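Chemist: Protein chains in written order, with this note's numbering: chain A, 10 to 226; chain B, 187 to 506; chain C, 0 to 486.
None of these hints come from the bench; they were simulated from the model. Take the hints with a grain of salt, since some may be wrong.
What the hints assert, rightly or not - From the structure, some residues in chain A lie toward chain B, with a derived Cβ separation under 7 Å:
(1) D18
(2) L118
(3) Y120
(4) V121
(5) L197
As the structure is a prediction and not an experimental result, all values here were calculated from the model. Idealized CB from N, CA, C, for every residue including glycine.
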Amino acid sequence: MNADAEWLDVACGAFLLAAVGVVWRRDAAASSRLLAVQGAALAAIAVVLGADRHHPELYAVAAGVGLLRAVVLPGILRRAVTASTEDRETRPLMNVGASLLATAGLVLLAYVAATPMVRLENTPAARALPVGLAVVLIGMLVLVTRRKALSQVTGFLLLDNGITAIAFLAAAGVPLLVEFGVSFDLLLAVLVLRVLTTRLRASFGSADLDDLRELHD
Amino acid sequence: MNELDITARTMTVSVVQVLVVLLGSPLLVGLMRFVRARMEGRVGAGVLQPWRDTVKLLRKHRLDPEGTGPAFRTAPVLGVAVGAVAAGAIPLMATGTAFGTGADMIAVIGLLALASAALALAGLDTATAFGGMGASREMTIAALAEPTILMAVFALSARVGSTNLPAIVAAGAAGASRLASPASLLAAVALAVVVLAECGRLPVDNPATHLELTMVHEAMVLEYSGPDLALVELGAAMRLTVLLGLWSSLFVPFGIATGTGLGVLLLGLLVFAAKTAVLGCVLAAGEVFMAKLRLFRVPELLAGSFLLGVLAVAASFFLD
Amino acid sequence: MDALLLLTPVGAASLAAAVYLLLGWRRITAHVASAASAIILADAIALAVHVTRRGPIDVASGWLHADALSAFMLLGIGTIALIATAASPAYLASHDGERDGSRRRYAVLVCLFLAAMATAVLAGNLGLAWIAIEATTIVTAFLVGHTGSRTALEAAWKYTVICSTGIALALLGLVMLYDAARHANLTETDALNYTLLTAHAHDLDTGVLRMAVAFLLLGFGAKAGLAPLHSWLPDAHSQAPAPVSALMSGVLLPVALSQILRVTAIANPALGTGYARTLLTVMGLGTLLLAAIALIRQRDYKRMLAYSSMEHMGLIAIGAAIGTPLALAAILLHIAGHGLAKAVAFTSAGHILATEHTTSIDRVKALARRQPVLAGIFAAALLALLGFPPFSLFASELALARAGFAAHLGLVIAAALILLLIAFAALAHHGGRMLLADADHDAPAPSPALSTRAYTPLITAVVVLAALGITVYPISSLLNAAAGVGH
Numbered sequence: 010m011n012a013d014a015e016w017l018d019v020a021c022g023a024f025l026l027a028a029v030g031v032v033w034r035r036d037a038a039a040s041s042r043l044l045a046v047q048g049a050a051l052a053a054i055a056v057v058l059g060a061d062r063h064h065p066e067l068y069a070v071a072a073g074v075g076l077l078r079a080v081v082l083p084g085i086l087r088r089a090v091t092a093s094t095e096d097r098e099t100r101p102l103m104n105v106g107a108s109l110l111a112t113a114g115l116v117l118l119a120y121v122a123a124t125p126m127v128r129l130e131n132t133p134a135a136r137a138l139p140v141g142l143a144v145v146l147i148g149m150l151v152l153v154t155r156r157k158a159l160s161q162v163t164g165f166l167l168l169d170n171g172i173t174a175i176a177f178l179a180a181a182g183v184p185l186l187v188e189f190g191v192s193f194d195l196l197l198a199v200l201v202l203r204v205l206t207t208r209l210r211a212s213f214g215s216a217d218l219d220d221l222r223e224l225h226d
Numbered sequence: 187m188n189e190l191d192i193t194a195r196t197m198t199v200s201v202v203q204v205l206v207v208l209l210g211s212p213l214l215v216g217l218m219r220f221v222r223a224r225m226e227g228r229v230g231a232g233v234l235q236p237w238r239d240t241v242k243l244l245r246k247h248r249l250d251p252e253g254t255g256p257a258f259r260t261a262p263v264l265g266v267a268v269g270a271v272a273a274g275a276i277p278l279m280a281t282g283t284a285f286g287t288g289a290d291m292i293a294v295i296g297l298l299a300l301a302s303a304a305l306a307l308a309g310l311d312t313a314t315a316f317g318g319m320g321a322s323r324e325m326t327i328a329a330l331a332e333p334t335i336l337m338a339v340f341a342l343s344a345r346v347g348s349t350n351l352p353a354i355v356a357a358g359a360a361g362a363s364r365l366a367s368p369a370s371l372l373a374a375v376a377l378a379v380v381v382l383a384e385c386g387r388l389p390v391d392n393p394a395t396h397l398e399l400t401m402v403h404e405a406m407v408l409e410y411s412g413p414d415l416a417l418v419e420l421g422a423a424m425r426l427t428v429l430l431g432l433w434s435s436l437f438v439p440f441g442i443a444t445g446t447g448l449g450v451l452l453l454g455l456l457v458f459a460a461k462t463a464v465l466g467c468v469l470a471a472g473e474v475f476m477a478k479l480r481l482f483r484v485p486e487l488l489a490g491s492f493l494l495g496v497l498a499v500a501a502s503f504f505l506d
Numbered sequence: 000m001d002a003l004l005l006l007t008p009v010g011a012a013s014l015a016a017a018v019y020l021l022l023g024w025r026r027i028t029a030h031v032a033s034a035a036s037a038i039i040l041a042d043a044i045a046l047a048v049h050v051t052r053r054g055p056i057d058v059a060s061g062w063l064h065a066d067a068l069s070a071f072m073l074l075g076i077g078t079i080a081l082i083a084t085a086a087s088p089a090y091l092a093s094h095d096g097e098r099d100g101s102r103r104r105y106a107v108l109v110c111l112f113l114a115a116m117a118t119a120v121l122a123g124n125l126g127l128a129w130i131a132i133e134a135t136t137i138v139t140a141f142l143v144g145h146t147g148s149r150t151a152l153e154a155a156w157k158y159t160v161i162c163s164t165g166i167a168l169a170l171l172g173l174v175m176l177y178d179a180a181r182h183a184n185l186t187e188t189d190a191l192n193y194t195l196l197t198a199h200a201h202d203l204d205t206g207v208l209r210m211a212v213a214f215l216l217l218g219f220g221a222k223a224g225l226a227p228l229h230s231w232l233p234d235a236h237s238q239a240p241a242p243v244s245a246l247m248s249g250v251l252l253p254v255a256l257s258q259i260l261r262v263t264a265i266a267n268p269a270l271g272t273g274y275a276r277t278l279l280t281v282m283g284l285g286t287l288l289l290a291a292i293a294l295i296r297q298r299d300y301k302r303m304l305a306y307s308s309m310e311h312m313g314l315i316a317i318g319a320a321i322g323t324p325l326a327l328a329a330i331l332l333h334i335a336g337h338g339l340a341k342a343v344a345f346t347s348a349g350h351i352l353a354t355e356h357t358t359s360i361d362r363v364k365a366l367a368r369r370q371p372v373l374a375g376i377f378a379a380a381l382l383a384l385l386g387f388p389p390f391s392l393f394a395s396e397l398a399l400a401r402a403g404f405a406a407h408l409g410l411v412i413a414a415a416l417i418l419l420l421i422a423f424a425a426l427a428h429h430g431g432r433m434l435l436a437d438a439d440h441d442a443p444a445p446s447p448a449l450s451t452r453a454y455t456p457l458i459t460a461v462v463v464l465a466a467l468g469i470t471v472y473p474i475s476s477l478l479n480a481a482a483g484v485g486h
């Protein structure tokens, strides 16, 4: 294995482990730190791929991605956490042990499901694609099984990080303009969610999604 | 076919390993207690205290509680015997032991599980509340730890193509870059958690507790006294030494003796002793800062380590 | 000239947003949004004429693209935007207690919404379309929560989370599609271009394309209100201000569906019609089933209209599943008719809310006697939604059924018709109760009374709907050309 492939493996491993950490640690403050680590790992993946494929523009993309997903977005999340008095996910819909076992199943599912994409290319980057898909599935698991509003935002960010990782590891990302648009949209979406969380807390007294049950048939 | 690999060298290696573990494990336990005491601001009882305790206990009169049977009597001896066999099989100071292809990782893990199952049965045999409680807790933890071990073994063996311990350790010693791969790192963390669980160390079980309701291992052996207690303690110490040695051989195999020659073997022995001592001290220092997990949080920890094991297997298949 | 045609809608809407941002909501700026919508409509007509005579237009090397489908959707956007923005001043006036800031925010967001929708429809690149649709989620999040009540916030939260998740899944599909396209030797800028992708569909790797299409359909389906990611729809539509609900039902849902049509146009040549057909049939029938069941026990008339939207979207999805030119023409007509009818229905529902001060079906009674004109308009919209002739939904549903039987999907059509029947019964029952039930003796008089100026656009829309049901003469060539695009 050449050095680039090893660095890629380390970055992908850190990326996946950060997602596992979000499932393991239930409190939102730890989640924001783990998301920062994941953002840094994503930027590292972009840097390694840029060096490997000789695409210098990937360095700029890596810098942008790192700034957004390792600094700005976890920062917004952390400020939302400190603004609240309750930050522990006390009653998730699925307990942590079961979530971790489900995560194991999802990782294996991701490896199976991503075989068509892996088959397209015979490079270490393509072989690491299932990691991105696994993080997407883990993000959906967190979205579905958590009750606190901030935990849902965390799940959404995991989902998006996973999709970006797949974009980097597959062919050559998406066109630069689209990547820029996606990042901008993501930032705005998180800001919207942050504002809504504040209003929810002011209106309902807590951002526990179980309290949002007034609209139903 | 399992074939014993009996040459003069491998025989020497096995015998020396057994003797060193037998005599040196109380020393390791003493060292760990010493480090912990000093870090907590106490003077401590000295590194040789476990030896002194063993000698004292061996001189006492043998007592069996009323109503106990063979399970109670055989568990201590079995523990020591298993520790000795494991010490003879696992490549601790050299990559070739007398067991040859019989030194299969799954077999060794199974042996250690046998010892803990025997101790659990002994705890049940005493028919006391604490004995039963400790036995059920111990078995819960073991049941959750076994899948993790198997996953980690699988991850390590996938690379080499067999579960034979000398082969795995030799491959690790030969190619150092493989040790930094994600599969190796993940398996290392998973196995570390399992070692903590199997040896009854923090955060799974507190070996220094005197509160019966928080005990796991200690509760099973509450009724032992005299020579039996000495054997039980010795067995636990040997288990700790063997598992720490296994971990260091698998993931930090630098210095292990790969060739013949007395000098190389001696170096291997010294390196093994040093590595185990360092690991023990690190563990003891860490224990000063850790709190014991509540029992219903232990499955979370073990599920997490199982997940890491699964990831290690996936990484070893797909990331190479 | 071409560039001007394609850039005008976005430009007009953005300019209107800037005006509102700078000047706020005053008497002079109150109709700027309607003016922008009128400009969009005019541009759409010009574009439709140009496209049917001279074929598709490409601007900025394929990033902006207008074919018959785009022109048709833009026509729809312009019309419904006009109705909704014409009703906005009345809505904002009836909520007089609000500060000027929230009205300005409402107006700016509505104009940005129109700009994003126009971009999505005129995009020639799937990536640009995706960005535009994601932008609409962000813009409408605050519009849904505009009233600030607890239920509105809950609806806004659900809407944002579910739609963002769905759109993220669509992004995943997009990434996979890009991967397949690059491996089929399309260049970086062309790999997400509709026309090139449709042309090179056979070169795309089938395994990857299958996964990409599944995620794209799931993601865009979430925005269109199709099962399984549909649960935001009733909440968002019932809590949003009535003009916003009209815009969402009439514009947002169809635009998301048009993206689904573009995706199936890429999928069908490469994977055969069976794959996309199965996915869309399951999604469409599922949506219809959920909507029909939910309609039976409805107690809130705005939620009832929202579920009716879901029902029609399910029907359109089944039409997209059939995929023949007749089916596509039918669903395009259905999109137009449903959009108009739903816009009228939601706008009049907004007036009913303003005058009766309740959204409960039980508490609104004898509307026909208390407010005859409003009741007439509402009744006409409901009749259109139920599929009565002469309204165009009758013609489009009939054509859809014919297309389905012709394509040997008779069982699917039969199931859909049964579910439509259930929805018909529920809707008719609830609507009839609202309009014709005996009034309470001590019910207060409706207040405030509405002017004819507010009614005129609604009546015009109803008349257009009826005319469309009788003949599609003005837009028939456009309709046929658009159906050809999606095939």
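Chemist: To test your reading of the hints: which numbers does this structure violate?
Modeler: Numbers 2, 4 and 5, in rising order.
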